[in-house]
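Peer 1: Modelling step: build the complete structure from the supplied sequences, incorporating the hints.
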Amino acid sequence: MDRTRLTDIYFPEARSRLIDLAAFLDRIDRAEGQDDFRLKSLRAALAELAAPGSDKARKILLLLSDPTAEPVAEAGAKSAAGAWSRF
Amino acid sequence: MRYIEPHAHMVSRVTDDYATMAAAGCRAICEPAFWAGFDRSSVDGFFDYFCQLTEHEPRRAAQFGLPHFCWLCLNPKEAENLTLAEEVLAIIPSFLDRPNVLGIGEIGLNKNSRHEVAVLEKHIDLAVRHRQMILIHTPHLEDKWKGTRLILDCLKQNPGVDPSRVIIDHVEEHTVDLVLDAGFWAGITLYPTSKCSPARAIDMIEIYGTQRLWLNCACDWGQSDPLAVPKTALEMKRRGHSETAIDRLIYQNPRRFLGQNPKFRIDETACENPSDAAEK
Ligand SMILES: [Zn+2]
Numbered sequence: 001m002d003r004t005r006l007t008d009i010y011f012p013e014a015r016s017r018l019i020d021l022a023a024f025l026d027r028i029d030r031a032e033g034q035d036d037f038r039l040k041s042l043r044a045a046l047a048e049l050a051a052p053g054s055d056k057a058r059k060i061l062l063l064l065s066d067p068t069a070e071p072v073a074e075a076g077a078k079s080a081a082g083a084w085s086r087f
Numbered sequence: 001m002r003y004i005e006p007h008a009h010m011v012s013r014v015t016d017d018y019a020t021m022a023a024a025g026c027r028a029i030c031e032p033a034f035w036a037g038f039d040r041s042s043v044d045g046f047f048d049y050f051c052q053l054t055e056h057e058p059r060r061a062a063q064f065g066l067p068h069f070c071w072l073c074l075n076p077k078e079a080e081n082l083t084l085a086e087e088v089l090a091i092i093p094s095f096l097d098r099p100n101v102l103g104i105g106e107i108g109l110n111k112n113s114r115h116e117v118a119v120l121e122k123h124i125d126l127a128v129r130h131r132q133m134i135l136i137h138t139p140h141l142e143d144k145w146k147g148t149r150l151i152l153d154c155l156k157q158n159p160g161v162d163p164s165r166v167i168i169d170h171v172e173e174h175t176v177d178l179v180l181d182a183g184f185w186a187g188i189t190l191y192p193t194s195k196c197s198p199a200r201a202i203d204m205i206e207i208y209g210t211q212r213l214w215l216n217c218a219c220d221w222g223q224s225d226p227l228a229v230p231k232t233a234l235e236m237k238r239r240g241h242s243e244t245a246i247d248r249l250i251y252q253n254p255r256r257f258l259g260q261n262p263k264f265r266i267d268e269t270a271c272e273n274p275s276d277a278a279e280k
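Residue numbers (this note's numbering), protein chains in the order written: chain D, 1 to 87; chain Y, 1 to 280.
No wet-lab data here; the hints were simulated from the structure. Among the hints, a few may not be true.
[Unchecked claim] With a Cα cut of at most 27 Å, we get these calculated DSSO-like pairs of lysine-lysine:
id	chain 1	residue 1	chain 2	residue 2
1	Y	K77	D	K78
2	Y	K77	Y	K156
3	D	K59	D	K78
4	D	K40	D	K56
5	D	K56	Y	K77
6	D	K40	D	K78
7	D	K40	D	K59
8	Y	K237	D	K78
9	Y	K77	Y	K122
10	Y	K122	Y	K263
11	Y	K156	Y	K122
12	Y	K122	D	K56
[Said to hold, decoys possible] On the chain Y side, residues computed to face chain D include the following (Cβ under 10 Å):
id	residue
13	A36
14	R60
15	F64
16	R114
17	E116
18	E173
19	D177
20	D181
21	E206
22	S242
23	E243
24	T244
25	A245
[Said to hold, decoys possible] Derived DEER-like restraints, expressed as beta-carbon distance ranges:
id	chain 1	residue 1	chain 2	residue 2	range
26	D	P12	Y	S242	23 to 29 Å
27	D	D20	Y	E87	45 to 51 Å
28	D	A51	Y	G183	29 to 35 Å
29	D	A47	Y	P93	31 to 37 Å
Glycine included, each C-beta is placed from N, C-alpha and C at the ideal position.
Peer 2: Here is the structure:
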């Protein structure tokens, strides 16, 4: 499928998500406090998004991943945060 | 359109969902054991759950002509309590001969803890000793990459594991190649926010091919869509994939993997794909 056809299909959705993301960053900006590990990770991912080259989904998923190899001592909370807490 | 839903937690869904899935072309549903959203307090809770999966759900599905199959285990979210895990592992063999049980699953890791790894190894050992197929859950979000590598290590360490009889589910762009390169089957889960979208799933299919891949919705008690697989099939059409390619991915692939267990039977005469004749 060529670039124009893919753009026809996905541009409106990508544009909408882009503006949602921009508005989210503005909202954060207006709020008091500091960036935590999630926002720091997200800002690093934005740099990756703008960098030249492909394979962006994989690179951003890795950037948001725990890079360590050893099992942790205890599970703690059952849920995941979406970014590595020690980023 | 016909499809098999290879991963759905129907105990958490209403009966209308069975009807809707059947109407959308679903020909069989497979239900891995999982976490109820709260910790069960004793082995008796698991006994009742395994009875629900092997007795009650098949009856509910049969109302809509849907064969219902299941996988049994203690979910990694409940693996921190090693005593409870041992008790649950001890009752699983008594259910393995039930007619709709396909194997051990969904086992795996959640937060990549030492106890989770220990319980995963015990489940793998149980599956090997009883010659059962395995369905693996990989962790969520930031824990997935590390967890997938730990799971692959555990599977490779057990010489009795045949990768062609193991599916590793919830792969994403950063883990799909790890799983396929190691010879295992890979599952892509279509789930809002925390897993994969239809568009990304199709990207992976286009990049990696469909030799050892399936799609599933993993609908459960969370916000999730029991029709995610047929909706993704429509998206594949929009992306230019043929009816034959779609049928191969959403019907023939799960049938090929699951059919390694002779208990997995679908009435093929009721399942003819109208597109087959046209495309032959
Ligand atoms: Zn599941």
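Peer 1: Output the indices of the hints that this structure fails to meet, ascending.
Peer 2: 5, 8, 12, 13, 14, 15, 20, 22, 23, 24, 25 and 29
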